[in-house]
Amino acid sequence: MKSKFVLSGLIIAAFAFTSCKKCAECHYDSPNGLVEIGEYCDDDLKDIEKTGFIVNGVTYEVHCHDH
Amino acid sequence: MQTKVAIFIYLMLSFGLSAQEIKGKVIDAETKVSVPYAKVGFPSINVFTTADSIGSFVFDNLPQSHIKIKVTAFDYKVLIKEVDLSSKDLLILTLTPLHTVFEEVQITASEGKIQRENITSIAVVSKEELFQTGATTLGEALIQIPGVQSSSVGMGISKPIIRGLSGMRVVTYNNGLRIENQQWGNDHGMAASELGLGKVEVVKGPSSLLYGADALGGVIHFLDEPYIQKDQSELYLSSKFETNSMGTTNEVGFRTHKGRWRANFHGNYVNHADFQLPNGSFIDNSRFWSTNFKSSIGYRHKNYQLNIRYQLSYRRLGIPGHSHNENPETIDFITTERERKGTLPAQYNFDNFILIENTIYFNRSNILLELGNTNSDLREYDEKITLPFTHLNVNNTTYNIRYAYKLTEKMGLKTGAQGMVKINRNRFPTSSLLIPDANNIDNGVYALMDYEIGKWRMQGGIRYDIRFLNVLSAADLDTSLVGNINTSALERTFQGISYSAGFVRNSKLTSIRFNASSGYRSPHLAELQADGFHHGSLRYEHGNQNLKSEHAVQFDAALELHFDHLEFIINPYYNRISNFIYLIQTDDFEGSFPIFEYSQTDVAHLYGGEVGFHYHPHRIHRLHINTNFSVTIAETENGQPISLMPQPNINTSLRFDIKNKNKISFKNIVLEHIYHLPQNRIGPNETFSVDYHLLNLATQFTIGDLQKLSVSTGVRNLLNTKYQGHLSSLKNLGLSQPGINVFFSLKYQIK
Numbered sequence: 001m002k003s004k005f006v007l008s009g010l011i012i013a014a015f016a017f018t019s020c021k022k023c024a025e026c027h028y029d030s031p032n033g034l035v036e037i038g039e040y041c042d043d044d045l046k047d048i049e050k051t052g053f054i055v056n057g058v059t060y061e062v063h064c065h066d067h
Numbered sequence: 068m069q070t071k072v073a074i075f076i077y078l079m080l081s082f083g084l085s086a087q088e089i090k091g092k093v094i095d096a097e098t099k100v101s102v103p104y105a106k107v108g109f110p111s112i113n114v115f116t117t118a119d120s121i122g123s124f125v126f127d128n129l130p131q132s133h134i135k136i137k138v139t140a141f142d143y144k145v146l147i148k149e150v151d152l153s154s155k156d157l158l159i160l161t162l163t164p165l166h167t168v169f170e171e172v173q174i175t176a177s178e179g180k181i182q183r184e185n186i187t188s189i190a191v192v193s194k195e196e197l198f199q200t201g202a203t204t205l206g207e208a209l210i211q212i213p214g215v216q217s218s219s220v221g222m223g224i225s226k227p228i229i230r231g232l233s234g235m236r237v238v239t240y241n242n243g244l245r246i247e248n249q250q251w252g253n254d255h256g257m258a259a260s261e262l263g264l265g266k267v268e269v270v271k272g273p274s275s276l277l278y279g280a281d282a283l284g285g286v287i288h289f290l291d292e293p294y295i296q297k298d299q300s301e302l303y304l305s306s307k308f309e310t311n312s313m314g315t316t317n318e319v320g321f322r323t324h325k326g327r328w329r330a331n332f333h334g335n336y337v338n339h340a341d342f343q344l345p346n347g348s349f350i351d352n353s354r355f356w357s358t359n360f361k362s363s364i365g366y367r368h369k370n371y372q373l374n375i376r377y378q379l380s381y382r383r384l385g386i387p388g389h390s391h392n393e394n395p396e397t398i399d400f401i402t403t404e405r406e407r408k409g410t411l412p413a414q415y416n417f418d419n420f421i422l423i424e425n426t427i428y429f430n431r432s433n434i435l436l437e438l439g440n441t442n443s444d445l446r447e448y449d450e451k452i453t454l455p456f457t458h459l460n461v462n463n464t465t466y467n468i469r470y471a472y473k474l475t476e477k478m479g480l481k482t483g484a485q486g487m488v489k490i491n492r493n494r495f496p497t498s499s500l501l502i503p504d505a506n507n508i509d510n511g512v513y514a515l516m517d518y519e520i521g522k523w524r525m526q527g528g529i530r531y532d533i534r535f536l537n538v539l540s541a542a543d544l545d546t547s548l549v550g551n552i553n554t555s556a557l558e559r560t561f562q563g564i565s566y567s568a569g570f571v572r573n574s575k576l577t578s579i580r581f582n583a584s585s586g587y588r589s590p591h592l593a594e595l596q597a598d599g600f601h602h603g604s605l606r607y608e609h610g611n612q613n614l615k616s617e618h619a620v621q622f623d624a625a626l627e628l629h630f631d632h633l634e635f636i637i638n639p640y641y642n643r644i645s646n647f648i649y650l651i652q653t654d655d656f657e658g659s660f661p662i663f664e665y666s667q668t669d670v671a672h673l674y675g676g677e678v679g680f681h682y683h684p685h686r687i688h689r690l691h692i693n694t695n696f697s698v699t700i701a702e703t704e705n706g707q708p709i710s711l712m713p714q715p716n717i718n719t720s721l722r723f724d725i726k727n728k729n730k731i732s733f734k735n736i737v738l739e740h741i742y743h744l745p746q747n748r749i750g751p752n753e754t755f756s757v758d759y760h761l762l763n764l765a766t767q768f769t770i771g772d773l774q775k776l777s778v779s780t781g782v783r784n785l786l787n788t789k790y791q792g793h794l795s796s797l798k799n800l801g802l803s804q805p806g807i808n809v810f811f812s813l814k815y816q817i818k
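Residue numbers (the numbering used here), protein chains in the order written: chain A, 1 to 67; chain B, 68 to 818.
By construction, these hints were calculated from the structure, which means they are not laboratory data. All of these numbers come straight from a predicted model, not from anything done at the bench. One thing to keep in mind: the hints can contain errors.
[Unchecked claim] Derived pair list, reagent style DSSO-like, types lysine-lysine, alpha-carbon separation capped at 27 Å: (1) B/Lys369 / B/Lys408; (2) B/Lys775 / B/Lys325; (3) B/Lys155 / B/Lys135; (4) A/Lys21 / B/Lys408; (5) B/Lys144 / B/Lys297; (6) B/Lys90 / B/Lys369; (7) A/Lys46 / B/Lys408; (8) B/Lys325 / B/Lys92; (9) B/Lys818 / B/Lys325; (10) A/Lys22 / B/Lys728; (11) A/Lys50 / B/Lys155; (12) B/Lys148 / B/Lys477.
[Said to hold, decoys possible] Label-pair ranges, simulated between beta-carbon atoms: (13) A/Leu34 / B/Ile468: 56 to 64 Å; (14) B/Pro708 / A/Asp47: 46 to 54 Å; (15) A/Asn32 / B/Asp598: 23 to 31 Å; (16) A/Gly52 / B/Tyr366: 51 to 59 Å; (17) A/Thr59 / B/Leu539: 26 to 34 Å; (18) B/Asn553 / A/Asn32: 45 to 53 Å; (19) B/Asn613 / A/Asn32: 39 to 47 Å; (20) B/Phe417 / A/Leu34: 31 to 39 Å; (21) B/Ile508 / A/Leu34: 32 to 40 Å.
[Stated by the list, open to error] Not the full set, but computed from the structure, chain A residues with beta-carbon under 10 Å of chain B: (22) Lys21; (23) Lys22; (24) Ala24; (25) Leu45; (26) Glu49; (27) Lys50; (28) Tyr60; (29) Glu61; (30) Val62; (31) His63; (32) His65.
All C-beta atoms in this analysis are idealised placements derived from N, C-alpha and C, irrespective of residue type, glycine included.
When you get a sec, could you build the whole thing from the sequences and use the hints?
Structure representation (structure tokens):
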């Protein structure tokens, strides 16, 4: 009985503390058109969407798509 | 304070102790023979029972008050009359035999009268009628009501339009609770679903007297399914499948009534993939899903009634019409493969509504005390996955106190106070603010008199409202966040006096009604402060801080003719709105999207009406032919047409009631034809819309002797018509609406 509780606890913990990896293709709009900057995942994705992409001292807003 | 509490408790107990058991009998008016198994009930307190085989019935714990009773029996005219429950006499209810029964007679929640006795223009439609031809969403179903249409962004997002007005000019109520859900946005759909719905009541025209500020176009009032009869329980499962969007709706419901307690619980999950166009391709990202839960718990004992209602809704709505191309074309929004997986842009809506409703009945009066709260959270993702484009929350706390008193047998008085505290907040992190943070406080008081003499009924009332608007400064926020709004603080006070006066004269053959009503609406935050692009509505919007309040006066008349086999109604109206705020499309574009500006005209004239008939041929009793025509013409004082007005439409339905008594028992077959006429009266830079026909066919039947399994199946857009609704946001992109849609739904009564 005790082992069932432990096993159930482990399964619940596994679901609770693991999450799907979130990745997306990102781009920014430069004066010369759309520039693809590749795939970003998880915290990197969050950061690039928040801070933007810097090219030659100019910060461009980044857009990402999961499709 | 203690003394006041003690007096209140004493009053409650003293009134409670005087309640009693009521016995009665249902008899035939001509033969005086008892009518078996009639349904007898009191709709206002949600109490029903079924008479036994000799027509007798009994109720206990009823309030000693004047309340309307409703009696229905097969082949008899529906009886609705007020009874005095303080009388100890046996209640004898006489029913008049009728060989033609048009439709179920409904009592309106707003006036407590049957439809033809109402002085204002009110339509009441049951959920069963709304969905008899398998409409996918509630918004789509509402267009069956004369004078009501809807605007849409794909299949998942729709907004009701009453006589040409929508958005902030239409107020939505849910069982007496005012719903606030960012309805100012064109792409912010109704926060209502068909789950656990009993009926919908639509008040057409300015309705500020009973519903408060903003209701210039009217009110849509969603009313829950009633509680089940005493000592009964019901559990059901239902499932619906639609081929056009490979959509599913799965639902479970439970209703129970034990002693003084009763409860309804409903839950569902809806999931639709991209919808299919008549040519076989799909609108990309028109997919959506939602999950809803609704509960009502009621307690009723003698002269006291309590209802606690809670509703939760979580929706993910794909926003179609998105492209990475700098100059997108129609083809960019269409795909050859249907998808269901969530993608961007999309909206996440999370709504929580709660209402606590107390009613105390006295002999000649009753008091209603309602406290409610709605919280609506909207996250809209545009081109970032982890950061919403905008994240808005609106929290609204409402109160409603109403005292209804029967002054004499002929005269009644309703008086009350209503108000709300609405708090709009932006949530962070977010990319952009579409409206600034703001607080609204509304208070209003009203009185309404009602007088009946012979065939005449007259009503008049007046109301005073005051609204404090406090827009908080957004100047200290990062400039990247506030590019779409004016950041300065704003404090404004708006006041309005509203009135309503009218009469109805009812005779056996005719009903004549006239009503003048007014309303006011202060400009919304978005109209005052918007200055930017909104992906959801597919346009760029400019606000105007100098906008004034709108004031409306509507004159509404109706003539109804009631013959044995034919009913006819003509209901013209004229709605004059001063300081009318409207969106006008400019010559400019922001990228590929048109720029719209909020503008104001001194006077707007909206006029039109509804004409309809219901024919029930003497030789084919089972056939019902129902037709109605609705039109709204809107123009400024210079005769310039106002933008975004719905197309006139003619709805016709042929319903054949079968009701055979075999193992498979067919209820009816319905053929519905909807004709939208061209919209040629358009605002500057708006485009014309051509006419189109839609045909829907459906049937309903039950399987088995106990009729526990009911089936509804049919085809919507049977002719696979390619059409673009005038108020569909997809029209600007050259996209049409869904093609043919076969639906199949099952409902199994477990208990």
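*asked:* Tell me the hint numbers this structure goes against, listed in increasing order.
replied: Hint check: 1, 10, 11, 18, 21, 22, 28 fail, others pass.
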